[in-house]
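Student: In case you want the letters, here they are:
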Amino acid sequence: MIQRFLFSGTGGQGVITAAQVFAEAAIFGEGLNAVQTQVYGPEARGGSARSDVIIADSEIWFPKVLEPNVLICLSQFAYDRYSPLVRPGGVAITDPFYVKRWQHATSRAVEIPLHDTIVSLQGGDGGSVHGINICLLGALCRLIPVVSLESLQSAVRRRFPERYLERNLLALEAGTSLAHERITTF
Amino acid sequence: MTQTRSGTVEFLQGNEVCAEAAIYAGMRFYAGYPITPSTEIAERLALRLPQVGGTCIQMEDEIGSLCSVIGASLTGMKGMTATSGPGYSLMQEAVGYAIMAEVPLVIVDVQRGGPSTGLPTHASQGDVMQVRWGTHGDHAIVCLSASTHQDLFETMIRAFNVSETFRTPVIVLIDEIVGHMREPVRIPDAGEYELTERLLTNVPRDVDYHPYLPREDGRLPMSHFGGEHRYNVTGLYHDMWGFPSDNPQVTNDLIHHLMNKLENRKRDLTFTKEWNTTDADIMLISYGASARSARHIMEDRRAVGMRMGLIELQTLWPFPGELIRERCRGASYVVVVEMNMGQIVHEVKAAVERPERVFLANRVDGEMITPADIKHLVRVIQGKGI
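So the protein lines, in turn, are chains A and B.
Heads up, the first sequence is in my numbering, so the first residue is 241 and it goes up one at a time.
Heads up, the second sequence is in my numbering, so the first residue is 41 and it goes up one at a time.
Please note that a few of the clues may not be correct.
Here chain A is said to cover these stretches of chain B; the calculated rule only asks that three of the stretch's residues, wherever they fall, bring their Cβ under 8 Å from a Cβ of chain A [stated by the list, open to error]:
hint : region
1    : 240–252
2    : 333–339
3    : 400–411
Beyond 10 Å from chain B on every Cβ pair, some chain A residues (computed) [unchecked claim]:
hint : residue
4    : F268
5    : V279
6    : P303
7    : K304
8    : L306
9    : V350
10   : P353
11   : Q393
12   : E402
13   : R407
14   : A414
15   : T416
Don't read these hints as lab results, they were simulated from the structure.
We put the CB at the ideal spot given by N, CA and C, even for glycine.
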C-alpha cells in the first residue's frame with residue numbers, strides 16, 4: 241500500500257501543520273511509514289503553501305509527490321497549479337469557498353465546505369478560520385480510510401497545547417460529519 | 041515539548057536528527073550563525089543544549105562560529121557548528137586552522153544551490169569539492185554523508201568518533217532534502233553506540249608535555265587548554281611543543297603526518313551501503329538525497345528483471361576508490377547520481393578500470409533528481425531511447 245498526498249493552500253491556513261499531523265497519525269496511530277516534505281521557497285512566505293506526505297506499509301525512498309493519489313487544495317492558485325498532476329483515478333479535494341473547479345480529467349473531485357463549517361462552528365462571525373486544517377483531516381479520514389479518527393485524535397493531542405486542544409478536537413469531529421452529510425461528488 | 045527520550049521513535053526533520061545525534065554523541069558546545077536550510081539545527085540545539093548542561097551561542101558570523109568551536113574543543117568540549125554552502129565558504133580559513141592545529145570538531149553543511157547565495161531553499165549537492173579543497177594548502181579531510189534519518193543519526197555519532205580519534209575536523213555533508221524532510225527515526229538507547237571520548241595525556245602537571253608528538257599509533261593525547269599544561273596552538277608549521285618552526289625536517293614531517301593520519305586509515309574511514317552489487321550489470325553510485333532516488337529506481341528496475349545495483353557512499357572523503365574499482369569491475373555501465381554538474385563522477389572515473397563506461401545522472405535546477413530522471417538516462421545508455 242502506498243498513498244501520496246499533496247496538501248496545498250495559502251500560507252496561514254495550516255495546511256503544512258495538517259500534513260505533519262496526518263503523517264504523525266499514520267506513524268504513531270496506524271504503525272505505517274510516512275515521509276513529509278514541504279516547499280520552503282519564497283512562495284511559502286505568505287503566498288502559497290505546499291506539503292507532500294507519502295504513507296506506505298513499506299520503505300519510502302523518493303520523498304516527493306510528483307503525481308498525488310489525493311490532492312487537497314484550499315486556494316485557487318494551488319488548484320490551478322496542482323490539479324493537472326493528480327493520478328488517473330485519484331481524488332482532488334477542494335473547498336468551494338476557495339476553489340472554482342475547472343478540471344474534468346480522469347480524477348475524481350470532492351467538494352467539502354470546510355470554510356463555512358469552521359465559521360459556523362466559531363459562532364458565525366466570519367473572521368477566523370482557525371481549525372480549518374484539522375477539520376480537513378476529519379473529512380480526509382472518512383474519504384481516504386488510511387488513518388483512523390482515533391489516530392488523528394491522538395496526533396492532535398500530541399501536537400497542540402492545552403488551550404488549543406478542545407477547539408481542534410471539535411473541528412476534527414465536525415470534519416468527519418462533513419464527509420457523511422454534506423459531501424458533493426462529481 | 042521537545043524532550044527527546046531514548047528508545048522511542050520520533051518524527052523529525054533531518055536537521056533535528058543532526059542536533060539530537062550530536063547531543064547523544066556528547067556534543068555540549070554549539071556555535072553557529074543561522075542560514076537556510078540548516079537553521080533548524082541551531083533552533084533545536086538552542087532549546088536542547090541547556091537541558092543537558094551544554095552551551096549554544098549565536099555568533100556574529102560563520103568564521104566566528106567555527107573559531108569559537110575550535111576554542112571550546114581545545115578546552116575539552118565536543119563542539120560543532122552547522123551551516124550551508126555560503127557560510128561554509130566563510131569558514132574556510134578556520135577549517136584550515138583546525139586541520140593544522142589538529143582540533144577535533146564537527147561541521148554540518150546542509151547544502152543549497154550555489155555559487156554565492158544561490159538557491160537558499162532548494163536542493164543541491166554542489167559543495168562536495170568545496171569540502172575537499174575549500175581551504176588552501178595540501179590537506180586530508182573527512183567528509184561523511186547519509187540519506188535516511190536513521191543513517192544520519194549513526195553518521196553524526198561516527199563524525200564525532202572520527203574527529204576525536206584522529207584530532208581532525210569532520211564534515212557531515214547533507215542537503216536541503218535530507219535536512220528538511222521528516223521521517224521516523226528511532227532514538228537509540230544510551231550505550232547502544234560506542235562513543236569515542238577525548239584521549240587525554242597522562243603526563244603530570246609541570247612535566248614537559250608534547251601536544252604535537254604522535255604516539256606510535258598516530259594518535260596525539262590532548263591536554264585541556266588552559267589546564268594542567270602550558271602549550272602553544274598555531275596555524276603555522278610547528279614543532280612538537282606547538283611552537284612555530286620553519287625547519288625543513290619539521291615541516292616535511294608535519295605535512296606527511298597530517299595527510300597520512302587519514303589517508304593511511306582510509307579503510308577505517310570508509311562507510312558504504314550496498315544493494316545488489318554482486319551481480320550488477322548497471323551500477324549506480326550515489327550519496328545523500330540522490331541515493332534515495334537511486335534506491336527507488338534500483339528496486340523498481342530489479343522488479344522487472346534488470347540487474348541494477350547501488351553503492352551509497354557514506355564516506356565521500358577520503359574517497360573510497362579501491363572499493364569502487366573492486367565493485368564496478370563486473371558492471372557494463374556505472375551511473376553516478378548527484379545533484380551538481382559532476383563532482384564525485386570524476387573521482388569514480390579516476391577509480392574504475394574503464395572510465396569511458398561511467399555516466400553522470402544529474403539535476404541542477406534546484407529540484408530533487410527523480411527516479412524517472414535516472415531511468416531515462418539508463419535507457420539512453422542502453423540504446424533503448426527514452
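Student: Now tell me if each hint is right for this structure.
Tutor: Hint by hint, here is what the structure shows:
1. Only residues whose C-beta sits within less than 8 Å of a C-beta in chain A count toward coverage, and the region 240–252 of chain B has 0 of them, not enough to reach three; the restraint is violated.
2. Three residues within the 8 Å Cβ limit are the bar, and the region 333–339 of chain B against chain A gives 4, so the coverage statement holds.
3. Under a criterion of three residues with beta carbons nearer than 8 Å to beta carbons of chain A, the stated coverage of the region 400–411 of chain B is upheld, 3 such residues being counted.
4. Under the 10 Å C-beta cut-off, the non-interface status given to F268 (chain A) relative to chain B is violated; the minimum distance is some 8 Å.
5. In this structure V279 (chain A) is not separated from chain B by more than 10 Å, as the shortest Cβ-Cβ distance comes to only about 8 Å.
6. Not every CB of chain B is more than 10 Å from the CB of P303 (chain A) (nearest about 5 Å), against its label as outside the interface.
7. Residue-level check failed: K304 (chain A) sits 6 Å from the nearest beta carbon of chain B, not beyond 10 Å.
8. At roughly 7 Å, the least C-beta separation between L306 (chain A) and chain B is not larger than 10 Å, which violates its mark as non-interface.
9. Listed as outside the interface, V350 (chain A) is consistent with that label: its C-beta sits roughly 26 Å from the nearest C-beta of chain B, beyond the 10 Å cut-off.
10. For P353 (chain A), the non-interface assignment is confirmed: its Cβ lies about 30 Å from the closest Cβ of chain B, beyond the 10 Å cut-off.
11. Listed as outside the interface, Q393 (chain A) is consistent with that label: its C-beta sits roughly 17 Å from the nearest C-beta of chain B, beyond the 10 Å cut-off.
12. Even its closest Cβ contact with chain B, about 12 Å, leaves E402 (chain A) beyond 10 Å, as expected for a residue assigned away from the interface.
13. The beta carbon of R407 (chain A) is kept farther than 10 Å from every beta carbon of chain B, the shortest such distance being approximately 19 Å.
14. Look at A414 (chain A): its CB is around 26 Å from the nearest CB on chain B, clear of 10 Å, so calling it non-interface holds up.
15. For T416 (chain A), the non-interface assignment is confirmed: its Cβ lies about 23 Å from the closest Cβ of chain B, beyond the 10 Å cut-off.
In terms of the numbered hints stated before, the structure departs from hints 1, 4, 5, 6, 7, 8, listed from lowest to highest.
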